[in-house]
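A.B. asks: Protein chains in written order, with our numbering: chain G, 1 to 359; chain W, 1 to 359; chain S, 1 to 359; chain V, 1 to 359.
For the record, the hints were derived by calculation from the structure and aren't laboratory data. Built from N, CA and C at the ideal position, the CB exists for glycine as well. Some clues are possibly wrong.
[What the hints assert, rightly or not] Incomplete in silico selection of chain V near chain S, CB under 10 Å:
1. GLU136
2. GLY155
3. LYS193
4. GLY252
5. ASN263
6. ALA266
7. GLU314
There are 4 protein chains.
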Amino acid sequence: MAGNTFGKAFRVTTWGESHGTGVGAVIDGCPPGIVLDPAFLQAEMDRRRPGQGGASSPRKEPDQLEILSGIFIPEGEDLPRTTGTPISLAIYNKDAHSKSYDTLRDIFRPGHGDISYLAKYGIRDHRGGGRASARETAARVAAGAVARQVLEQAGIDVLAYTVALGGVKITEKNLEVINDNRFFCPDAAAAEKMEARVDEVRRMGDTLGGIVEIVADCPAGLGEPVFDKLEAELAHGLMSIGAVKGVEIGAGFKVADMLGSENNDAITPEGFEGNNAGGILAGISSGNEIVIRVAVKPIPSISKKQQSVNLANEAVTIQVGGRHDISAIPRIIPVCEAMVRLTLVDHLLRHMSIAFPTE
Amino acid sequence: MAGNTFGKAFRVTTWGESHGTGVGAVIDGCPPGIVLDPAFLQAEMDRRRPGQGGASSPRKEPDQLEILSGIFIPEGEDLPRTTGTPISLAIYNKDAHSKSYDTLRDIFRPGHGDISYLAKYGIRDHRGGGRASARETAARVAAGAVARQVLEQAGIDVLAYTVALGGVKITEKNLEVINDNRFFCPDAAAAEKMEARVDEVRRMGDTLGGIVEIVADCPAGLGEPVFDKLEAELAHGLMSIGAVKGVEIGAGFKVADMLGSENNDAITPEGFEGNNAGGILAGISSGNEIVIRVAVKPIPSISKKQQSVNLANEAVTIQVGGRHDISAIPRIIPVCEAMVRLTLVDHLLRHMSIAFPTE
Amino acid sequence: MAGNTFGKAFRVTTWGESHGTGVGAVIDGCPPGIVLDPAFLQAEMDRRRPGQGGASSPRKEPDQLEILSGIFIPEGEDLPRTTGTPISLAIYNKDAHSKSYDTLRDIFRPGHGDISYLAKYGIRDHRGGGRASARETAARVAAGAVARQVLEQAGIDVLAYTVALGGVKITEKNLEVINDNRFFCPDAAAAEKMEARVDEVRRMGDTLGGIVEIVADCPAGLGEPVFDKLEAELAHGLMSIGAVKGVEIGAGFKVADMLGSENNDAITPEGFEGNNAGGILAGISSGNEIVIRVAVKPIPSISKKQQSVNLANEAVTIQVGGRHDISAIPRIIPVCEAMVRLTLVDHLLRHMSIAFPTE
Amino acid sequence: MAGNTFGKAFRVTTWGESHGTGVGAVIDGCPPGIVLDPAFLQAEMDRRRPGQGGASSPRKEPDQLEILSGIFIPEGEDLPRTTGTPISLAIYNKDAHSKSYDTLRDIFRPGHGDISYLAKYGIRDHRGGGRASARETAARVAAGAVARQVLEQAGIDVLAYTVALGGVKITEKNLEVINDNRFFCPDAAAAEKMEARVDEVRRMGDTLGGIVEIVADCPAGLGEPVFDKLEAELAHGLMSIGAVKGVEIGAGFKVADMLGSENNDAITPEGFEGNNAGGILAGISSGNEIVIRVAVKPIPSISKKQQSVNLANEAVTIQVGGRHDISAIPRIIPVCEAMVRLTLVDHLLRHMSIAFPTE
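Model the full structure from these sequences, guided by the hints.
C.D. replies: Here it is in structure tokens:
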């Protein structure tokens with residue numbers, strides 16, 4: 001049983017490789033009657049586009065989103081609405097340079113899935129990582145954009161931003177400024193230091209990790225104990241992003257050093273005091289803001305020489321060429337938002353199913 | 001769509017509340033022919049039994065495991081074998097004191113799911129948390145014990161131990177000693193400090209958090225990209241344990257401060273150098289040891305007075321009585337092992353399905 | 001991936017064998033707040049009880065239903081309500097005679113699953129068919145009884161009756177009389193002939209097949225094209241009953257001889273004229289009555305001598321002893337109702353999930 | 001929870017409407033290393049192409065199949081192989097005449113899903129039935145063609161043919177001749193009578209129903225009791241085809257008139273005598289040939305005048321124009337084969353998962 005579908009009620013199946021025809025997603029379970037604005041969806045796609053500056057590679061992939069099914073423009077309206085049938089989304093590849101990967105045909109790149117993919121499948125599309133490429137996340141962002149238009153109906157929105165990059169941590173959190181710098185960083189001063197750090201590491205031929213925080217306004221009641229608790233599904237979705245090595249909710253790993261009396265969020269008639277729980281209690285959203293953080297590893301494709309082996313298990317030295325990003329941040333930001341949105345819309349629709357009229 | 005099933009090939013559905021008839025699990029998809037030794041399964045149950053010392057409450061729940069279906073003793077053998085049909089497991093409650101919870105009928109306990117359960121379901125079994133109680137994890141451990149007997153066939157085993165408790169962190173890791181102290185701690189000196197810290201906090205009427213690490217020997221090839229990556233499913237399973245607030249794989253949150261050249265594990269003809277990846281590359285086990293850590297929050301039931309509200313949303317002061325553990329550690333240790341085993345056995349069987357003979 | 005779960009929103013997992021501890025079901029996804037009346041549920045169980053007359057065997061299995069979880073009696077109420085958590089149902093075996101099956105240990109009974117179960121699992125519980133026994137359907141009826149209490153909220157009910165048995169076909173359909181004869185037959189005269197036919201065949205040591213019709217009042221809009229069309233799921237559920245060899249909807253196999261102009265049900269302002277469609281159009285209920293028929297094969301356990309082989313593939317003559325029914329009718333009647341109810345309640349809850357407020 | 005995915009191990013999700021951009025399917029779970037020959041796949045597509053004669057409409061849809069992902073041509077080979085990642089298949093529409101459907105905007109066609117789709121979704125793509133069009137089955141045939149290449153590895157093949165059309169029934173069954181007439185009919189004389197009947201009914205402006213039989217050579221052991229029995233899943237798959245109103249296995253509805261001693265297939269050292277069971281015992285393939293029949297209703301789009309209502313529920317007379325087939329036969333033949341293949345490949349892969357090495 002392969003694992004290319006996310007969600008149970010709002011089910012997203014993605015397909016495609018970095019250097020094939022394209023990538024795409026089929027959404028099954030989107031409610032009917034939702035307005036899908038093609039311009040809005042395309043704007044969401046554009047947020048993860050590379051080539052916007054120093055931390056991203058100069059490749060230009062337009063990521064033109066096409067909606068192949070599941071919509072219909074009702075008579076007298078301007079924008080398409082969903083019909084309740086599967087929504088097929090495709091982004092065709094336009095700028096693939098398979099040749100630049102030919103040197104990797106027989107070598108396993110450290111930190112990449114080359115070696116594990118071959119162990120699993122016995123066959124490997126070596127061109128740029130194939131299915132394991134970050135290119136695959138374009139399909140997630142496309143599906144997440146549709147999810148966003150559904151979530152708007154329930155007043156749910158999601159926001160991701162950078163709280164650490166290359167050792168630079170934010171010291172203040174002003175969400176007003178996150179669109180003023182290319183790291184979606186809520187601390188303008190920290191953003192400048194991140195910029196300098198990126199430049200420094202680029203010259204070293206190396207790459208950088210960081211931490212992304214995602215917040216969501218969410219009504220109480222979402223999440224399906226005991227295994228599909230909201231935090232469990234959020235962790236599942238976020239940890240399925242290639243670069244993510246850790247997920248924490250609310251106080252996260254800090255709870256290890258806390259007393260129960262410190263960690264418990266007091267409840268008052270006006271709401272919770274504090275948010276160590278991160279907006280989720282016993283697997284169900286409490287109405288408090290959902291707060292999650294993910295650890296983003298440095299991109300494994302570096303210009304420095306590395307030790308590895310070839311298909312014959314002989315030691316080789318490898319130096320990955322091509323144009324690569326210095327960090328998965330900021331391009332991972334809309335991907336994190338997409339995975340949180342896909343999780344929330346799935347749970348919104350799963351919850352609906354038990355909002356059944358009782359006596 | 002409720003969420004009380006874990007796994008897709010080895011599917012475990014749990015049922016039961018803390019103060020009802022009991023708890024149990026039905027396993028669908030266990031391979032036939034596996035020897036299930038009732039004594040072995042019961043020994044696994046006994047590992048999470050409370051009443052073994054200071055960090056655990058004095059309640060004595062025997063947790064007697066009963067196997068209701070799915071097994072058969074072949075002629076001439078002593079032990080039952082699985083038949084490939086559903087395995088129904090039950091642990092009937094024997095020591096429930098519903099009365100001690102009557103004072104909680106109208107009050108939401110801070111840090112507990114009382115308030116979110118009511119928001120979701122509109123009805124609440126207030127007796128000891130109902131389904132949200134740690135009692136539910138007995139069913140996980142039972143299913144995990146069956147999983148362990150399947151995993152033995154593939155040479156996979158899993159071990160969990162405490163690396164931090166109440167601010168005390170291990171400074172050495174000697175897995176030989178983890179059964180010599182009641183925290184399953186691989187550092188004997190740290191275990192003594194943990195003991196002292198637990199005593200201190202018990203007198204304060206407070207509770208403690210900590211960190212558990214889980215390791216697994218696992219062959220290469222398990223995990224189902226792109227959404228059911230092995231780390232994503234492990235995170236899902238572990239984060240579905242009530243007390244867990246964070247999960248990290250390999251270097252985990254430390255990757256935020258690392259360079260790509262530091263984080264990449266070099267590959268040599270003899271294997272990987274280092275294990276920042278935690279045994280998983282691109283969502284598929286690499287053959288390196290799997291290493292995961294989870295953040296365990298302090299138990300929310302404390303003896304200290306706390307602020308909360310009642311069903312009428314009026315401010316109240318609450319003091320949770322009854323006998324409670326000081327920390328989810330060590331009882332969470334076998335639960336963590338169970339969730340990792342359930343994840344691995346599921347992926348072992350899911351992977352089997354594509355080990356299909358090709359031309 | 002085993003297949004012991006039915007439904008996607010109202011998910012029923014059954015367990016148990018004919019001669020083990022018992023049989024049971026876990027329901028995950030039942031809406032909260034539904035009154036479950038234990039006496040009502042038990043009455044449903046009693047409808048499939050054997051020993052009620054000539055077509056059924058004289059074994060007396062009380063089929064005492066126990067509800068192990070998922071319910072709670074709210075203060076001031078008399079009957080339990082569902083809490084939205086898993087409902088565990090168990091029926092423990094009381095009258096199993098394993099010894100009478102010992103002669104079958106090495107022989108495959110014709111018409112039974114002995115040979116195919118062994119081919120699949122490599123291990124077989126030979127006692128009375130194990131999991132393949134009709135005993136398993138007790139768990140379905142239990143779950144169907146819960147489904148019935150949910151469906152009542154939506155005004156949906158289901159009724160099954162016998163339209164043919166042993167070659168005797170009904171010539172009139174008066175649903176008022178179906179509880180006046182033990183075949184649930186809507187034609188009193190035909191019921192008498194069925195009785196005579198059963199007596200005749202009993203003396204021959206043989207068994208009889210028949211046809212059951214199931215009708216349901218159902219609102220328009222249930223069913224999930226294109227693969228989970230309502231008729232497809234109904235066929236799935238009904239064909240999963242051991243004795244069923246055919247399923248037809250509305251005009252069924254008669255459509256083969258019809259013209260389009262005959263088969264199309266005209267639509268009028270007052271509703272449909274005719275019901276060749278059987279209440280379903282393009283996979284979605286139309287609001288017209290749902291009408292399904294199933295072909296029920298003769299019970300394969302006959303007293304006559306039959307040719308078969310043993311485990312060594314040697315020819316043997318077999319004569320199945322023990323007490324067996326002459327026909328799966330009437331005991332299959334409540335099982336058919338249960339499967340239709342489980343299908344409808346699942347689709348009711350699946351449909352709810354897209355009844356999402358749009359702009 | 002929508003229902004556009006078929007299968008659990010070999011999961012096919014289809015998308016697309018009759019008059020949109022096209023139709024397609026994403027297959028998740030296809031084993032890696034399978035050779036996919038584009039010419040073979042296209043030949044399969046061509047079998048369901050319309051415009052081949054009298055019983056089919058003169059529309060020419062080339063149904064050009066495109067494989068968008070999941071394949072890779074290994075160095076030194078000529079044909080692509082599957083990589084174990086999702087296979088995205090698309091068939092773009094080229095010959096859509098939306099305008100001819102404008103007159104249907106406000107009218108419900110009898111026998112079609114117009115009225116039930118609107119009841120369910122509250123929005124309707126009226127152009128040619130949208131998702132409910134037979135056009136959707138092109139995606140099934142495409143996925144079925146991939147399934148066929150997988151099944152070849154296990155020696156499984158499937159064949160469908162016409163046994164009745166418009167009241168003309170076959171009297172002999174010679175599978176050698178089924179490609180010699182356009183009805184895939186195994187009785188040459190009957191095929192001529194069918195031809196005459198089609199011509200007659202065409203002149204009447206009416207349409208015809210029939211019966212298709214499907215046979216499959218299949219090893220013993222496939223099927224997943226108790227709910228996913230092989231016959232239950234086959235019935236599910238076949239009944240999900242729009243025109244199918246009944247499914248029967250082996251002796252099918254004839255069992256209603258049979259004695260147990262007649263219906264039981266005797267077992268001999270050489271195999272089964274007779275095949276009333278249709279190759280399946282207790283839900284698991286027995287090794288005997290699988291035999292299924294489906295009842296195919298007359299196409300509801302007829303040229304004759306019919307009574308119906310419009311959106312305002314006013315009585316109207318409707319006469320469906322456009323070019324339509326006289327019968328779903330023969331175009332439904334490859335669709336039936338596809339659904340049986342998709343069911344068998346899914347169960348082949350599901351079964352693999354429990355063929356796990358035991359002690």
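A.B. asks: All hints, please: hold or fail.
C.D. replies: Now the hints, each set against the structure:
no. : hint   : in the structure
1   : GLU136 : holds, 6 Å
2   : GLY155 : violated, 16 Å
3   : LYS193 : violated, 14 Å
4   : GLY252 : holds, 4 Å
5   : ASN263 : holds, 5 Å
6   : ALA266 : holds, 4 Å
7   : GLU314 : holds, 7 Å
In this structure, the hints that do not hold are numbers 2, 3, in rising order.
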